[in-house]
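These protein sequences, in sequence, are chains C and V. Per my numbering, the very first residue in the first sequence carries number 1; after that it's consecutive. Per my numbering, the very first residue in the second sequence carries number 1; after that it's consecutive.
These are computed hints drawn from the structure, not numbers from a lab. Note that the structure is predicted; figures quoted are calculated from it, not measured. Cβ atoms here follow ideal geometry from the backbone N, Cα and C, with glycine treated the same way. Certain hints may be false.
What the hints assert, rightly or not - Below 30 angstroms or equal to it, Euclidean Cα-Cα: the simulated DSBU-like pairs (lysine-lysine) are:
(1) Lys245(V) / Lys257(C)
(2) Lys284(C) / Lys289(V)
(3) Lys257(C) / Lys152(V)
(4) Lys181(V) / Lys218(C)
(5) Lys357(V) / Lys5(C)
(6) Lys283(V) / Lys34(C)
(7) Lys257(C) / Lys289(V)
As the list claims (entries may be wrong) - Okay, the calculated bits of chain V under chain C, using three or more residues with CB under 8 angstroms as the criterion:
(8) 286-297
(9) 331-343
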Amino acid sequence: MKHKKVLIIGSSALKIGEAGEFDYSGSQAIKALKEERIYTILINPNIATIQTSDYLADKVYLLPINTHYVERVIEKEKPDGIILGFGGQTALNCGLALHREGILKKHKVEVLGTQIETIENTEDRQLFCNKLSEIDVKFPRSNAVNTVEDAVQYAEEIGFPVIIRIAYALGGLGSGICRSKNEVKRIASKALSYSSQILVEEYLEGWKEIEYEVVRDKYDNCITVCNMENIDPMGIHTGESIVVAPSQTLTNNEYHKLREIAIRTIRHLGIVGECNIQYALDPKSEE
Amino acid sequence: MSKKTAIKNRARLILKNGNIFEGTIFGYQTSAAGEVVFNTGMVGYPETLTDPSYKGQILVMTYPLIGNYGIPVFNINEDIPKYFESNKIQIQGLVVSEQSELFSHWNGFQSLSNWLKRYHIPGIYGIDTRRLTKILREHGTMLGKILIGDDKIDYYDPDVEDLISKVTVAKREKYGNGSTKILLIDCGCKKSILTNLLQRDVTVIKVPYNYEFDGEDFDGVVISNGPGNPAIYKQLIESTQKLLKKQVPLLGICMGHQILSLAAGTKTYKLKYGHRSQNQPVKEIDSNKCYVTSQNHSFAVDTKSLPRGWEPWFENLNDYSNEGIRHEKLPFRSVQFHPEAAPGPVDTSFIFDEFLKDLK
Numbered sequence: 001m002k003h004k005k006v007l008i009i010g011s012s013a014l015k016i017g018e019a020g021e022f023d024y025s026g027s028q029a030i031k032a033l034k035e036e037r038i039y040t041i042l043i044n045p046n047i048a049t050i051q052t053s054d055y056l057a058d059k060v061y062l063l064p065i066n067t068h069y070v071e072r073v074i075e076k077e078k079p080d081g082i083i084l085g086f087g088g089q090t091a092l093n094c095g096l097a098l099h100r101e102g103i104l105k106k107h108k109v110e111v112l113g114t115q116i117e118t119i120e121n122t123e124d125r126q127l128f129c130n131k132l133s134e135i136d137v138k139f140p141r142s143n144a145v146n147t148v149e150d151a152v153q154y155a156e157e158i159g160f161p162v163i164i165r166i167a168y169a170l171g172g173l174g175s176g177i178c179r180s181k182n183e184v185k186r187i188a189s190k191a192l193s194y195s196s197q198i199l200v201e202e203y204l205e206g207w208k209e210i211e212y213e214v215v216r217d218k219y220d221n222c223i224t225v226c227n228m229e230n231i232d233p234m235g236i237h238t239g240e241s242i243v244v245a246p247s248q249t250l251t252n253n254e255y256h257k258l259r260e261i262a263i264r265t266i267r268h269l270g271i272v273g274e275c276n277i278q279y280a281l282d283p284k285s286e287e
Numbered sequence: 001m002s003k004k005t006a007i008k009n010r011a012r013l014i015l016k017n018g019n020i021f022e023g024t025i026f027g028y029q030t031s032a033a034g035e036v037v038f039n040t041g042m043v044g045y046p047e048t049l050t051d052p053s054y055k056g057q058i059l060v061m062t063y064p065l066i067g068n069y070g071i072p073v074f075n076i077n078e079d080i081p082k083y084f085e086s087n088k089i090q091i092q093g094l095v096v097s098e099q100s101e102l103f104s105h106w107n108g109f110q111s112l113s114n115w116l117k118r119y120h121i122p123g124i125y126g127i128d129t130r131r132l133t134k135i136l137r138e139h140g141t142m143l144g145k146i147l148i149g150d151d152k153i154d155y156y157d158p159d160v161e162d163l164i165s166k167v168t169v170a171k172r173e174k175y176g177n178g179s180t181k182i183l184l185i186d187c188g189c190k191k192s193i194l195t196n197l198l199q200r201d202v203t204v205i206k207v208p209y210n211y212e213f214d215g216e217d218f219d220g221v222v223i224s225n226g227p228g229n230p231a232i233y234k235q236l237i238e239s240t241q242k243l244l245k246k247q248v249p250l251l252g253i254c255m256g257h258q259i260l261s262l263a264a265g266t267k268t269y270k271l272k273y274g275h276r277s278q279n280q281p282v283k284e285i286d287s288n289k290c291y292v293t294s295q296n297h298s299f300a301v302d303t304k305s306l307p308r309g310w311e312p313w314f315e316n317l318n319d320y321s322n323e324g325i326r327h328e329k330l331p332f333r334s335v336q337f338h339p340e341a342a343p344g345p346v347d348t349s350f351i352f353d354e355f356l357k358d359l360k
């Protein structure tokens, strides 16, 4: 076995977009590593999680997830590997920061599972859209802008309603639906106070909202664990709507078309581990 | 529903070992007998019910709610049915836990119950399909019957009958106009095998399973899926042996795999309760790559009897039964699973590409 000591970035606080599933996935990652007899170290400030239980990781640090504390832990524990993909948004952002500041390189810590480049490609919405175009996957028309004026201009180009989102925030923090020019101005200026880059996207109101959970290993084997259908359509935030697994109103063609796209996407992006892919499906055609 | 109609609609599913399940009839009001098998697929009931490989079988759906998205329109004038695997319902009867009379889908045209009625197929709902499936898994597939009231009908064993003769095409049919010519031997061919070939720009000549193809001009042969026990189709096995002798590129799918294997000299045996689902994991033996496949079969190939020159190609990761064989040097290959999917995952459609590569 190549790696002896691995650091896992935990799930941190529960919030919309970073809920209990990351506690679960982190716990599973710890179990899998222990099965391989690898020494596991976990950083997670949230004591109210399963993964911080004494019977899981070999060592738990109840510390905030940011570069400062993670570096301290790396210095002390000297792990040879780090896993970023099982702790949700905070863990991904922290991983990108650790990479950017050269901390991982300095301490010779190898990223296991999903790689930094893949995280960058999925978290930066423009890069993500570029990647999807390469494999003919359709996505809502979208543009990354840095000013309120550009946001208004693009919204008028694609037509209302539009949705404004913040880059590097998958959970929908600071996002909003705009049905008029004034709303774009209001929400865009608010969103720009969180981040220098925001996204203006076509808004597919009323479409069916479908999700797939996909797992891929290093040898490119892929399975979809399940699919899910939101009982409430697009327009109601996932965090507030009821989701049912498996889908209830998809035909075989729809189910497997989306499954095939999910697998094609995870392969192209090079994700190793688990990922969740969300779709908007037109309720009146197979689009 | 008034009490009177409720009593009138009561029906029983009786298994040959004596187990009785009470439920309510839906679809067409008739009693039916067949071999009781279960399928664990979660979607794709219009495709499943029209798959000719289910000929002679009473199908149990383990997914508890069937009919949610209704049944799409079937246009009788279409050469190739768009949303179905053949132009009628093939099963003897349907067993579900709950059927959905109200459906929700843009393409839904009628309810499952209506559709069954049109094709004179009975369905029974309100059955504990979980318990039923456990019995079938323990005892193996069994003969059974759906009985309304005091009806009396005999058990019916499909394995001894020439079922293919009931589902094969009546006469030679030609599709597409690509330069490569494929002879498709129809043992109860699912539509998607045909459409998967046509998507790859070939001409397909679909022929009955007992067709004399000596005068026919073709570059390769596909032997389709089909119902029943492969070992009873002696004539088909002999004509496959002729093709092997001529070294014509061959692809067998499901029944076609069993026929090709028997022609090569192996034996087949009946699985305890078969593989009928859309999530069967298979492994390609030389590359160790894994795929999730759609399957529907009762019989399997015994690789211990595989003659020299042949090798196992795929194996099932649930029970390690054989899922495909190929010849070490010659262009003969066959798979037990369904590369055409429908219903099911499309992971293995590359099988068609590999086959066509041999023809060029």
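A quick look at each hint next to the structure:
1. Straight-line distance between C-alpha atoms of Lys245(V) and Lys257(C) comes to about 40 angstroms, which puts the hinted pair past the 30 angstroms bound.
2. Between Lys284(C) and Lys289(V), the direct Cα distance comes to roughly 37 angstroms. Violation of the 30 angstroms bound is thereby established for this hinted pair.
3. For a cut-off of 30 angstroms, the pair hint linking Lys257(C) to Lys152(V) is broken: about 45 angstroms separates their Cα positions.
4. With a C-alpha separation of about 40 angstroms, the suggested pairing of Lys181(V) with Lys218(C) is violated against the 30 angstroms cut-off.
5. A C-alpha spacing of about 47 angstroms is found between Lys357(V) and Lys5(C), which places the hinted pair above 30 angstroms, so the restraint is violated.
6. With a CA separation close to 27 angstroms, the supplied pair Lys283(V) and Lys34(C) stays within the 30 angstroms bound.
7. For the hint pairing Lys257(C) with Lys289(V), the CA-to-CA distance comes to about 22 angstroms; that is within 30 angstroms, so the pair holds.
8. With 4 residues having a beta carbon nearer than 8 angstroms to a beta carbon of chain C, the segment 286-297 of chain V meets the requirement of three or more and the stated coverage holds.
9. Under a criterion of three residues with beta carbons nearer than 8 angstroms to beta carbons of chain C, the stated coverage of the segment 331-343 of chain V is upheld, 3 such residues being counted.
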